[in-house]
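Asker: Be aware that the first sequence starts at 55, since it is given in the numbering used here, and climbs by one per residue.
These are calculated hints, taken from the structure and not from any lab test. None of these values were measured; they are calculated from a predicted model. From the three backbone atoms N, C-alpha and C, an ideal C-beta is built for every residue, glycine too. Please note that a few of the clues may not be correct.
[What the hints assert, rightly or not] Label pairs and their computed distance ranges (CB to CB):
1. 223 / 126: 19 to 25 Å
2. 74 / 237: 31 to 37 Å
3. 324 / 235: 29 to 35 Å
4. 227 / 74: 41 to 47 Å
5. 186 / 275: 20 to 26 Å
6. 83 / 325: 46 to 52 Å
7. 179 / 74: 29 to 35 Å
8. 351 / 275: 42 to 48 Å
9. 338 / 168: 40 to 46 Å
10. 191 / 148: 39 to 45 Å
11. 324 / 90: 44 to 50 Å
12. 126 / 194: 20 to 26 Å
13. 266 / 338: 39 to 45 Å
14. 163 / 125: 40 to 46 Å
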Amino acid sequence: MPELPEVEVVRRGVAQWATGRRVEVTQVHDERSLRRHVGGTEDFVERLTGAVLLAPQRRGKFLWLPLESTPGVSASCLAIHLGMSGQVLINEPGDPRPKHAKVTLTLVTPGQAAREMRFIDQRIFGGMHLTQLAPSSHPCGSIPATAAHIAPDALEPVLDAEGFYALLRARRTGIKRALLDQQLISGVGNIYADEALWQAQLHYARPTETMTRREARRLLEALRVVMDAALQAGGTSFDALYVNVNGASGYFDRSLQCYGQAGRPCSRCETAGRTTVIRREPFMGRSAYFCPRCQPRPRRGRW
DNA sequence: AGATAGTCCTGTGGGC
DNA sequence: TGCCCACAGGACTATC
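Given the sequences, and given the hints that come with them, work out the whole structure.
Answerer: Structure (structure tokens):
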């Protein structure tokens, strides 16, 4: 499941191969991946073909490439969301097309060989669309109109510990729900929520309104540390569903301390000479992993 | 405002 | 061996 670090790995790969290139051919193999494009497939192809792609940007799990704009026309972008199983691969033209290829863009630039940028998506929860760019607090100054509602992500400096604390105290929900709410803080999914909560020694049902400044700071720091480490490792790949633009897996799964570790000993407890087993509990139609000793259940938890 | 249910999908895996 | 069905899971929408 691509979360912030995985999307950032993809962004960097796309930056290397797509920045400044022109879309020579647009092929849509499966219209369902354009569900979020207002205007339909024909409009998508017509507007994208011939456009020059600028440096890709990211906020949370949203990725976008601004299109070089013509004077007098409002700026737009190619927005990409990977959903559950989306991939962006860079290939040479003529490479065999993967089974779940949904969109292929042929990218050209003078004096260099053409490349194909392919959007692959097995479960079709992700997609591509064209949309206007709207002013934003994002470092690049704008954001896709369709992503304007999401909050700054955990790695943006604009989100500081005091601001994070204030946001949490203003809510009446459980801390993991808050972390997964992209309108409060973006980029966090199930994996990094559980990892950061484990790191910060907070139970997932901890009511946000009882969080202390210290705990909020510890949690934000934990999010940053775990996401930075995951980025260094090329992301988390449990299976072939998440890969970088060259098709390579990340290896952060080997560093996971909590997520997916049900039945295994908590490493922090082990270091302290105790044995505690990581537990999995159903949560919001998925799972929450935690150490029952390091992350004790609050008396009045919020699920 | 917060919580929940439904929707979109397909590969996987448990049950028989 | 093979069929069927339940299910996961990010984001969005509708509804309570």
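Asker: So which hints don't hold here, by number, going up?
Answerer: The structure breaks hints 1, 5, 8, 13, 14; every other hint is satisfied.
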